[in-house]
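Please work from the sequences and hints to get the whole structure.
2 protein chains.
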Amino acid sequence: MTTPWAQRYALRTHSMSSSAIRELLKLTQQPDIISFAGGLPAPELFPIEEMKTACDVVLSEMGARALQYSTTEGYAPLREMLARHMARYGIKVDVDNIVITSGSQQALDLIGKLLINSGDRILTENPSYLGAIQAFTAYQAQYVTVPIDDDGLQVAQLEAALRTGPKFMYILPNFQNPTGVTLSLTRRYDLIALAEEYGIPIVEDDPYGQLRFEGEHLKPLVTLDAEYEGCEGNGSYTGNVIYTSTFSKTLAPGLRLGWIVAPKDVVSKLVQMKQGTDLHTSSFDQMVAYEVARGGFLDKHVRDIREVYRRRRDLMLQTMEETFPAEVRWTRPQGGLFLWVTTPESINTTELLKEAIQQKVAFVPGHSFHPTGGGHNTLRLNFSNASEDMIVDGIRRMSVALKQQLAPQSLVFPVH
Amino acid sequence: MTTPWAQRYALRTHSMSSSAIRELLKLTQQPDIISFAGGLPAPELFPIEEMKTACDVVLSEMGARALQYSTTEGYAPLREMLARHMARYGIKVDVDNIVITSGSQQALDLIGKLLINSGDRILTENPSYLGAIQAFTAYQAQYVTVPIDDDGLQVAQLEAALRTGPKFMYILPNFQNPTGVTLSLTRRYDLIALAEEYGIPIVEDDPYGQLRFEGEHLKPLVTLDAEYEGCEGNGSYTGNVIYTSTFSKTLAPGLRLGWIVAPKDVVSKLVQMKQGTDLHTSSFDQMVAYEVARGGFLDKHVRDIREVYRRRRDLMLQTMEETFPAEVRWTRPQGGLFLWVTTPESINTTELLKEAIQQKVAFVPGHSFHPTGGGHNTLRLNFSNASEDMIVDGIRRMSVALKQQLAPQSLVFPVH
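Residue numbers (this note's numbering), protein chains in the order written: chain A, 592 to 1007; chain B, 592 to 1007.
Quick caveat, the hints were computed from the structure, so don't treat them as lab data.
Please note: incorrect hints may appear among the correct ones.
If chains are identical, the list can't say which one is meant, so a pair holds when it fits in one copy or spans any two.
The calculated lysine to any residue pairs, modelled on SDA-like cross-linking and capped at a C-alpha distance of 25 Å, are [said to hold, decoys possible]:
1. Lys-951 to Arg-656
2. Lys-891 to Arg-656
3. Lys-951 to Pro-999
4. Lys-945 to Thr-662
5. Lys-643 to Arg-885
6. Lys-951 to Thr-662
7. Lys-643 to Phe-888
8. Lys-810 to Asp-740
9. Lys-643 to Met-653
10. Lys-951 to Pro-634
11. Lys-683 to Glu-671
12. Lys-643 to Ala-667
13. Lys-951 to Glu-979
14. Lys-683 to Gly-790
15. Lys-643 to Pro-668
16. Lys-891 to Asp-647
17. Lys-810 to Ala-784
18. Lys-855 to Gly-821
19. Lys-683 to Glu-805
20. Lys-643 to Arg-656
21. Lys-810 to Asp-890
Dropping the structure here:
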């Protein structure tokens, strides 16, 4: 049923993409389907007992403060802890460079709200994170894309895209969503130099950087930029990068807690935007998360998550090796939550999904992750959420679906 | 210090108002100042023990669900409870007419994001809620205003404003922020008829409607509109009003929980907007709020809040009668959190605030609540947050400041 409202918002939603992730999340709720579709963390690792203790401490000792209105920037002890925590990953900034957001999805929305005017071009990797595309498209963004390979963004192809004058580049350097690939250190240096040369800023989205299973941590773009600009380590970052991360993959997504690191003048504008958007993020959740995370628990917990996800990734890769048709290729991520599958061109993965659902397994077709179209023979698999048994069963079901689709069609549907 | 970013967001923030509420909230944190500035509920009424129990129940029985990603619409049992709860205030809608938001501030942001295009005119009461003006201005709204009196919006003056073609009307019918006045039932009927005649929808903001201390509950605009449109009571509201309310004034603002009631096609678009904005509101906070509120606690708790706030209002009004200069006038709200003071034209209340801070008392100057300017001799007082002793002391300090400002200036500062 439509109401007289439809005509009133026609303009504002004309370019919103169909809500692919959301419709697929509904599928994952069917109990007999093994879903590799969502980007869900493993719920059995949620720190439930620590949350109980933290809620009790926060409510007993600071209850009135936790339940009252608070400042838009976020809970100061949490921001101070984040400054210390990020320093261990090479990001050395002041507490004034940090604003707490309602998940990193809100970080992307606030960045879009601050920077994007109707028709502005945003440069993204191809494919890129669907939630970012949704966030930016709400502000009527257009897209220019640069392909990726096993070393991430193909920086050699960047200049042509930069010459189109994008408002900013949106980059996921670590275990990228959806492909799982990581931007090499050489390319990071090249990217920072080109950003400076063309005067195009970078939005660095890093939800998974702490979840590296093997190999060496690579310096974040915000750190390399601070070194390049000569403003590192002095707590007054004034560079070219807005960095965002989240507690969703290390504590719990249900709390909706993320953060932005940016130059102080940008933080001040983002805070002004956030005030009009939701006043502030739940003070209770911020204080509880601080109580859970502090005193070394977060680092220990992240190590536990890495170990479980590494085993799941290994098992998924091994089962794919054993069962997938030879024509199918896939990435081998060094961390994160996802890997990326490329099928022969003859397969359309949206059609494959229908077959997969028959086999009681689900994934996300790759097409939606391509802001400028394409990717019909690609798909994303999540390895963090399913148990080891389900990973083996689910991948076997996937391989049945793949073989069905690769079987000569004339045998199944006679041409007529 | 500014960075190269400044030029990049120049356009997006050129019309953002200065952050008056935020700067003033900082003042309220000075411990020796009695603040009537914020819109803060009484923290001593927060249901801290009930929250503790609820956190324990939620984490013990549904921990993995509370900490995981969830659906954008919100926690179904909470939405069902809201449908039942609102029915007792005359709003009879389906659960599908309801979306949970991160406070009603986010409701205003999502409505702005859905409906406002750059340069669109929004019709507001004059004065109106500063947070709404901030939310809408972020989407480059312009304003057309209609004055209010003790019966709320002067509907007799509405038609001229409607002829300018506003995108929607933003109305606070109950114990309006900032003035505390309530729209009379006669005017509500007239407003609904004019909205229909001119085809201009209404955004009804009702954070305080449950906090009526005396007199009869008046039907909300969404209810009158459903009656007018003949779609009431059948659970398929298709009318002309988007209604929003919040748990901030009845449970706790720190949880950032509000909701929107709208026709189902509008809800579906708002959900799409919200997904790109923050995926969903904290599942943990939603489930905890449901556990606290259910089983009749919310109704009982609201009765307790009404009783405390009524006493505080009475004491504030009585102390004002006893101490304020005769030239000063004020409203006598039947509920809510605020009252509104009009001083003689000779006083500029921003100047008065400086004097008041000397006297260790704070309020919000009325100017910022006027989207199209004016109101230099008005101010807002909050009576919900301060204890009874503080109300008496603070109002006495206010009267000292007022008398200072009203004293013949030549005696204080010789003309030279």
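Tested hints:
1. For the identical chains of this complex, Lys-951 and Arg-656 are inter-copy neighbours only, at 22 Å across copies versus 47 Å inside a copy, given an alpha-carbon limit of 25 Å.
2. Taking identical chains as interchangeable, the C-alpha atoms of Lys-891 and Arg-656 lie at most 25 Å apart only when they sit on different chains, with a minimum of 23 Å there against 28 Å within one chain.
3. With identical chains, the CA atoms of Lys-951 and Pro-999 are at most 25 Å apart within one copy only, with a shortest distance of 23 Å there and 84 Å across copies.
4. Only between protomers do Lys-945 and Thr-662 lie at most 25 Å apart by alpha-carbon distance; the minimum there is 23 Å, versus 47 Å within a single protomer.
5. In this assembly of identical chains, the alpha carbons of Lys-643 and Arg-885 lie at most 25 Å apart whether taken from the same copy (15 Å) or from different copies (21 Å).
6. For the identical chains of this complex, Lys-951 and Thr-662 are inter-copy neighbours only, at 22 Å across copies versus 47 Å inside a copy, given an alpha-carbon limit of 25 Å.
7. In the homo-oligomer, the alpha carbons of Lys-643 and Phe-888 lie at most 25 Å apart both inside one protomer (14 Å) and across protomers (22 Å), since each shortest distance falls under that limit.
8. For the homomeric pair Lys-810 and Asp-740, the shortest alpha-carbon distance inside one copy (19 Å) is at most 25 Å, but the shortest distance between copies (61 Å) is not.
9. For a Cα distance limit of 25 Å, the shortest separation of Lys-643 from Met-653 qualifies both inside one copy, at 15 Å, and across copies, at 12 Å.
10. In this assembly of identical chains, the alpha carbons of Lys-951 and Pro-634 lie at most 25 Å apart only when taken from the same copy (21 Å versus 51 Å across copies).
11. For a Cα distance limit of 25 Å, the shortest separation of Lys-683 from Glu-671 inside one copy, 12 Å, qualifies, whereas the shortest one across copies, 47 Å, does not.
12. For a Cα distance limit of 25 Å, the shortest separation of Lys-643 from Ala-667 qualifies both inside one copy, at 22 Å, and across copies, at 23 Å.
13. For the identical chains of this complex, Lys-951 and Glu-979 are intra-copy neighbours only, at 16 Å inside a copy versus 64 Å across copies, given an alpha-carbon limit of 25 Å.
14. Taking CA atoms no more than 25 Å apart as the test, Lys-683 paired with Gly-790 passes inside one copy only; the shortest distance there is 23 Å, against 55 Å between copies.
15. Proximity of Lys-643 to Pro-668 under the C-alpha cut-off of 25 Å is found in both arrangements, the shortest distances being 20 Å within a copy and 22 Å between copies.
16. Taking the shortest Cα distances, Lys-891 and Asp-647 sit within 25 Å of each other both inside one copy (22 Å) and across copies (24 Å).
17. Proximity of Lys-810 to Ala-784 under the C-alpha cut-off of 25 Å is restricted to the intra-copy arrangement: shortest distance 15 Å within a copy versus 62 Å between copies.
18. For a Cα distance limit of 25 Å, the shortest separation of Lys-855 from Gly-821 inside one copy, 16 Å, qualifies, whereas the shortest one across copies, 54 Å, does not.
19. Taking the shortest Cα distances, Lys-683 and Glu-805 sit within 25 Å of each other inside one copy (24 Å), while across copies they are farther apart (56 Å).
20. In this assembly of identical chains, Lys-643 and Arg-656 lie within 25 Å of each other by CA distance both inside one copy and across copies; the values are 18 Å within and 14 Å between.
21. Taking identical chains as interchangeable, the C-alpha atoms of Lys-810 and Asp-890 lie at most 25 Å apart only when both belong to the same chain, with a minimum of 18 Å there against 54 Å between chains.
Every hint from the earlier list agrees with this structure, and none is contradicted.
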